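*Asks:* Sequence:
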Amino acid sequence: MKAIVVKGPHDLSIEEVAKPQIEERDDVLVKIKAVGVCGSDVHILHGENPFVTYPRVMGHEMVGEVEAVGAGVDDLEPGDHIVIEPITYSGKSYAVRRGMPNVSEDLKVNGVHVDGGEQEYLVIKNIQAHKIRKDIPWTTAVLAEPYTIAGNSTTRGDVRAGDRVLVQGAGPIGIAILRVAKAKGATVMVSDIVDEKLEFAKANGADVVVNTKTQDLKEAVAEWTHGEMANVVLDAACLPQTFQACFDLASVAGTIVVLGMSPEPVPIPQKPIMAKQLTVVGTRLQAFQFEPIIRMMEAGTLGDDGMVTHVFDFNDAEKAFKLLDEHPEEVKKLVLTFGD
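All letters in the sequence shown, in the order written, are residues 1 to 340 by UniProt numbering.
Warning: the hint list may mix true and false statements.
[To be verified] Lysine-lysine pairs mimicking DSS-like chemistry, simulated, CA-CA at most 27 angstroms apart:
id	residue 1	residue 2
1	Lys7	Lys108
2	Lys108	Lys19
3	Lys332	Lys322
4	Lys125	Lys108
5	Lys131	Lys31
6	Lys213	Lys182
7	Lys319	Lys332
8	Lys125	Lys7
9	Lys202	Lys182
10	Lys332	Lys202
11	Lys322	Lys2
12	Lys131	Lys2
13	Lys19	Lys7
14	Lys2	Lys202
15	Lys184	Lys31
16	Lys19	Lys134
17	Lys131	Lys184
18	Lys19	Lys319
19	Lys332	Lys31
20	Lys319	Lys31
21	Lys182	Lys125
[Unchecked claim] Pairwise CB distance ranges (calculated):
id	residue 1	residue 2	range
22	Pro263	Thr53	15 to 25 angstroms
23	Ile127	Ser13	29 to 39 angstroms
24	Glu223	Asn315	50 to 60 angstroms
25	Ile268	Lys134	27 to 37 angstroms
26	Tyr54	Gln21	17 to 27 angstroms
Hints listed in this document are in silico derivations from the structure and should not be mistaken for laboratory results.
Just so it is clear, the structure is predicted and the values come from calculations on it, not from any experiment.
A virtual CB, placed ideally from N, CA and C, is assigned to each residue, including glycine.
Hey, can you work out the whole structure from these sequences and the hints?
*Replies:* This is the structure we're talking about:
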């Protein structure tokens, strides 16, 4: 079978590799159908991910069809369509006991610590497989994983119906957060510095959009909330200035959700945390989000809606990554497909 292999930084090729086989009772052999490409994959290709080891088959946004199952698997059968949860862990750490397996010390992520979905077949554990209705296109089903990031972020932020939520950053994850927050009943403002991204956010349900190049975000939030400020601020831009701004943008008793990090150290102001009794939380990957997200996709609450802008056959992977390198502004979500 073929696999897209990254042997080292800037060294990508399509190679013939051995087809994996079922070895354990809880193994599932999957024929990969589609894999979404995200910024972290580009970082791996550029040698900018400190967690990855080479050679590596990338791909953590993956969907496929069950080809065979181990003797201990009784809830899946060949032909089932599944979304693959790209994390595994032992189940013994403090994080797991606290219901946060996504930050377990022994966490392994497909496409980072172990090989991912950019190959024709992959063996996973049964616990990683989540069935999805067969009428949902593969290129839509592949969005489940990004939506789980949004699900985890809004869960960590305790987003509720009636909340006024600010999302900083209108990239793919920011749009996914917008969609999930709206599904939870929140009113949502999205900020960015690119008008085209803000127009797309508006088309995807944003109640208010703000271009921070031309508008003062603090003033805009104050006007929008009649002075209360945002109940939940989710920083999906992950820049020093957007993180620091969160403390002024959050309401009294508000919550700040941090989705990423900058390599630069950022001072954290103590006064607003204490005076406004703010809750500041991090979010990484997802925990227990695939089933509720898939149900929302099956109900039509979440879908593509223009998010997937480019689809390439996996044999054209080099061309796809070249596009991401040279014209990232043209791409919202790029998907690699495998076969029909």
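*Asks:* Against each hint, give a clear statement of whether it holds in the structure.
*Replies:* Comparing the hints with the structure gives:
no., hint, verdict
1, Lys7 - Lys108, "holds, 19 angstroms"
2, Lys108 - Lys19, "holds, 21 angstroms"
3, Lys332 - Lys322, "holds, 15 angstroms"
4, Lys125 - Lys108, "holds, 12 angstroms"
5, Lys131 - Lys31, "holds, 14 angstroms"
6, Lys213 - Lys182, "holds, 25 angstroms"
7, Lys319 - Lys332, "holds, 16 angstroms"
8, Lys125 - Lys7, "holds, 25 angstroms"
9, Lys202 - Lys182, "holds, 12 angstroms"
10, Lys332 - Lys202, "holds, 15 angstroms"
11, Lys322 - Lys2, "holds, 20 angstroms"
12, Lys131 - Lys2, "holds, 25 angstroms"
13, Lys19 - Lys7, "holds, 19 angstroms"
14, Lys2 - Lys202, "violated, 40 angstroms"
15, Lys184 - Lys31, "violated, 34 angstroms"
16, Lys19 - Lys134, "holds, 25 angstroms"
17, Lys131 - Lys184, "holds, 23 angstroms"
18, Lys19 - Lys319, "holds, 25 angstroms"
19, Lys332 - Lys31, "holds, 26 angstroms"
20, Lys319 - Lys31, "holds, 23 angstroms"
21, Lys182 - Lys125, "violated, 33 angstroms"
22, Pro263 - Thr53: 15 to 25 angstroms, "holds, 21 angstroms"
23, Ile127 - Ser13: 29 to 39 angstroms, "holds, 32 angstroms"
24, Glu223 - Asn315: 50 to 60 angstroms, "holds, 51 angstroms"
25, Ile268 - Lys134: 27 to 37 angstroms, "violated, 48 angstroms"
26, Tyr54 - Gln21: 17 to 27 angstroms, "holds, 24 angstroms"
Comparing the model with each numbered hint stated earlier shows that hints 14, 15, 21, 25 do not hold.
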